[in-house]
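There are 2 protein chains.
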Amino acid sequence: MRQSQLFTKTLKEAPKDEKSINSQLLIRGGFIHKEMAGVYSYLPLGLKVLKNIGNIIREEMDNIGGQEIAMTVFQPKHLWEETGRWSKTVGEVMYKCREGNKEIGLGPTHEEMLTDIIRHHVKSYTELPLYIYQIQTKFRKEPRARSGLLRGREFLMKDLYSFHSSEKDFKRYYEIMKKAYSKIFERCGLSAIITEASGSGFTKEYTHEFQVLAPEGEDVIICCPKRDFAQNQEIANTKAGNRCPSCKNILNKARSIEVGNIFPLGVRYSKDMNAYFIDRDGKKKLIIMGSYGIGISRTMGAVVEVHHDEKGIIWPEEIAPFQVHFIQVENTGRVKKTSERLYENLWKGNCEVLYDDRANKTIGEKFADCDLIGIPMRIVVSERTLAKKSVEIKKRNEKKAKLVEIKQLSRFLK
Amino acid sequence: MRQSQLFTKTLKEAPKDEKSINSQLLIRGGFIHKEMAGVYSYLPLGLKVLKNIGNIIREEMDNIGGQEIAMTVFQPKHLWEETGRWSKTVGEVMYKCREGNKEIGLGPTHEEMLTDIIRHHVKSYTELPLYIYQIQTKFRKEPRARSGLLRGREFLMKDLYSFHSSEKDFKRYYEIMKKAYSKIFERCGLSAIITEASGSGFTKEYTHEFQVLAPEGEDVIICCPKRDFAQNQEIANTKAGNRCPSCKNILNKARSIEVGNIFPLGVRYSKDMNAYFIDRDGKKKLIIMGSYGIGISRTMGAVVEVHHDEKGIIWPEEIAPFQVHFIQVENTGRVKKTSERLYENLWKGNCEVLYDDRANKTIGEKFADCDLIGIPMRIVVSERTLAKKSVEIKKRNEKKAKLVEIKQLSRFLK
Numbered sequence: 001m002r003q004s005q006l007f008t009k010t011l012k013e014a015p016k017d018e019k020s021i022n023s024q025l026l027i028r029g030g031f032i033h034k035e036m037a038g039v040y041s042y043l044p045l046g047l048k049v050l051k052n053i054g055n056i057i058r059e060e061m062d063n064i065g066g067q068e069i070a071m072t073v074f075q076p077k078h079l080w081e082e083t084g085r086w087s088k089t090v091g092e093v094m095y096k097c098r099e100g101n102k103e104i105g106l107g108p109t110h111e112e113m114l115t116d117i118i119r120h121h122v123k124s125y126t127e128l129p130l131y132i133y134q135i136q137t138k139f140r141k142e143p144r145a146r147s148g149l150l151r152g153r154e155f156l157m158k159d160l161y162s163f164h165s166s167e168k169d170f171k172r173y174y175e176i177m178k179k180a181y182s183k184i185f186e187r188c189g190l191s192a193i194i195t196e197a198s199g200s201g202f203t204k205e206y207t208h209e210f211q212v213l214a215p216e217g218e219d220v221i222i223c224c225p226k227r228d229f230a231q232n233q234e235i236a237n238t239k240a241g242n243r244c245p246s247c248k249n250i251l252n253k254a255r256s257i258e259v260g261n262i263f264p265l266g267v268r269y270s271k272d273m274n275a276y277f278i279d280r281d282g283k284k285k286l287i288i289m290g291s292y293g294i295g296i297s298r299t300m301g302a303v304v305e306v307h308h309d310e311k312g313i314i315w316p317e318e319i320a321p322f323q324v325h326f327i328q329v330e331n332t333g334r335v336k337k338t339s340e341r342l343y344e345n346l347w348k349g350n351c352e353v354l355y356d357d358r359a360n361k362t363i364g365e366k367f368a369d370c371d372l373i374g375i376p377m378r379i380v381v382s383e384r385t386l387a388k389k390s391v392e393i394k395k396r397n398e399k400k401a402k403l404v405e406i407k408q409l410s411r412f413l414k
Numbered sequence: 001m002r003q004s005q006l007f008t009k010t011l012k013e014a015p016k017d018e019k020s021i022n023s024q025l026l027i028r029g030g031f032i033h034k035e036m037a038g039v040y041s042y043l044p045l046g047l048k049v050l051k052n053i054g055n056i057i058r059e060e061m062d063n064i065g066g067q068e069i070a071m072t073v074f075q076p077k078h079l080w081e082e083t084g085r086w087s088k089t090v091g092e093v094m095y096k097c098r099e100g101n102k103e104i105g106l107g108p109t110h111e112e113m114l115t116d117i118i119r120h121h122v123k124s125y126t127e128l129p130l131y132i133y134q135i136q137t138k139f140r141k142e143p144r145a146r147s148g149l150l151r152g153r154e155f156l157m158k159d160l161y162s163f164h165s166s167e168k169d170f171k172r173y174y175e176i177m178k179k180a181y182s183k184i185f186e187r188c189g190l191s192a193i194i195t196e197a198s199g200s201g202f203t204k205e206y207t208h209e210f211q212v213l214a215p216e217g218e219d220v221i222i223c224c225p226k227r228d229f230a231q232n233q234e235i236a237n238t239k240a241g242n243r244c245p246s247c248k249n250i251l252n253k254a255r256s257i258e259v260g261n262i263f264p265l266g267v268r269y270s271k272d273m274n275a276y277f278i279d280r281d282g283k284k285k286l287i288i289m290g291s292y293g294i295g296i297s298r299t300m301g302a303v304v305e306v307h308h309d310e311k312g313i314i315w316p317e318e319i320a321p322f323q324v325h326f327i328q329v330e331n332t333g334r335v336k337k338t339s340e341r342l343y344e345n346l347w348k349g350n351c352e353v354l355y356d357d358r359a360n361k362t363i364g365e366k367f368a369d370c371d372l373i374g375i376p377m378r379i380v381v382s383e384r385t386l387a388k389k390s391v392e393i394k395k396r397n398e399k400k401a402k403l404v405e406i407k408q409l410s411r412f413l414k
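First to last, the protein sequences are chains A and B.
Every letter in the first sequence is one number past the one before it in my numbering, and letter 225, counting from 1, is 225.
Every letter in the second sequence is one number past the one before it in my numbering, and letter 152, counting from 1, is 152.
Check before you lean on any hint, since a few could be wrong.
Which copy? The list can't say, so a pair holds if one copy fits it or any two copies do.
[Unchecked claim] Mimicking DSSO-like on lysine-lysine, the simulated pairs with C-alpha atoms at most 27 Å apart in a straight line are: (1) LYS77 - LYS141; (2) LYS337 - LYS248; (3) LYS12 - LYS123; (4) LYS348 - LYS337; (5) LYS102 - LYS141; (6) LYS179 - LYS388.
What the hints contain is simulated information worked out from the structure, not anything from laboratory work.
Build out the structure end to end from the sequences listed, making use of the hints.
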């Protein structure tokens, strides 16, 4: 894409009411636009990142048998009354609106709705297990929405619900999901620690959270500084200052961001909502359920909290809005001509390029925008590089640039 | 996909409270699930159709310079107060909810929100024109939501807004959009008539609607029975019984479904919201706007209203959930073995196949489901066809089946 045609502009300073690093950098880079506290619109660059994260999740959910659907935001009150959650627990964070005499909820989560769909369609053990997910906008009341994309009133989430005929089968899938989650966060450039947590309003059983260490995180977890993060599960629920049960190191407190969580639901919902199946033995039994969430917009915010420097964002490759930021230093003559040609060639070679063809910007401004926007690789064409029949290449997360001959460029990018 | 793994089941009869053909067939086929009047969740088959329509629209909008963003459902009251629409006109169909003392709107349309984004980012005529769109869920109060996907309280919409420095440039783009819309509906299998309409609550200027003739349509338009539908614009606003100004035929009344609309907005929003640009002559001027909507879920409903028979839906190729419905008649022996092999080969050849491998269904049930779901092409493998080293192929919109030799199959499908 030509940057001259991108309608968003960068800002030198973030709005004063934005306190979090993620929202400051994302607003300054033109990724998002604040509508109100905890409510952000996604501009072209931001939507690209959000879609990239969504597509990684979609791939990994499809890989483990997920079937994608799209449930509605509007929640019928009668379903939530079946589980008693309309006024209690979740009901307290649910936005509600009216039409005539009727109250309608805005979905903060979709257990009731999907259990209702499943009890309409599933009758036999032969139809289980099932893994059903959606990527959908959710709404939750947040009195303290001050952390940009980390804590939204309106936010994008992947929620998968699994349905099983036995506890054993549920446990099998729960472990498969843990691995899929670790892979998703790894592909997004995040090291997620699996922690055990006590049940929240959603469940009374134990649950697992995927936590990313970050100084601005709103959660506090206990972790062992010398161990592989993904192995830390057994030290959850101990105290800072205690010793790690495995390596005997002193445990630390660390701030972190919860990017995902997985819940055993047991028969909590199927019981209240009469979601039965006929088992192999001919008996009517309650369906066993699990739920598995990832905050997609929150993951985007977490990536920015973890991957940035004083100049701007440093996007991990797989979720970056573009792969290459291509900058022409002079806007005329052979620099312009060569840049246009190389840009066209890169596109034809399926390389996603943002081409800074803006004529009214100084090279200093172009470089500052490039660092702020944070595309993984910068390619610069100037009179100086062309004198050596080359372009200058620098990775966003490295200090040093190097010259690459133009005729070697496509091979180099592969 | 294996049909044995699809969690949705077909229904022989539609729920009694569903009166429209589109919702009856879509619910019976397992495409959608009703949550409340005018509010439907999309199950795997339905989501596939919805995404296919969305992707056609995305392609055509990108082709004419569209930049995709995603604005929020939540609408800040103060923006709508700038245009006076919070309580009047659109305000009356807007759902509203509360958080503490604050009222928040649910977006029925996004002129205010995007004009706010644009006034933050655009300063000069050099940055215009701009064409910005989203594919997003919208909410409108509908006291009479009785037509399935045709009239939703919660529905999926594409809305594009264009921003221009002159009326002339706006008119140029308006005509480009008309052509893009005609192409979109054609690709979705619909003949859309362009009609001129007087302004609604959204605008006082003339507007254009894209109407699809259907007996169940909620609109009534005047059209000439002997003319190309796309040419009918000049006969709008005349009366049934009058003669067509061109061919002198008597004009008819016809029921129709509005699948899209395009509005010249002039400076209606830029004036109230102070959205200016600096023109070539150095003067500050108001940005000229247009808006262009397509009801995506409504288009899906319109397709079903137009393309069905007494047995079920007949999906147009480009939006069908799968290209081929592949049915094995016997579930054992060489029929099973050949079917499995052919199914794998079709997938490898990038053919989207729904494979009816269900062992607990009679062939009569399989054929009935196939007709109901409405995939464009049916391929049947049985002992009888294998005796001739063939499969039987029938298009959903044709009566007659024919035998095709297995070794010719992949060539035939191309």
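Hint check results:
1. LYS77 - LYS141: Close inside one copy (17 Å) and across copies (17 Å); limit 27 Å.
2. LYS337 - LYS248: neither (63 Å within a copy, 58 Å between copies)
3. LYS12 - LYS123: between (59 Å within a copy, 16 Å between copies)
4. LYS348 - LYS337: within (17 Å within a copy, 42 Å between copies)
5. LYS102 - LYS141: Both: 20 Å inside a copy, 12 Å across copies.
6. LYS179 - LYS388: neither (48 Å within a copy, 48 Å between copies)
The earlier numbered hints that this structure contradicts are 2 and 6.
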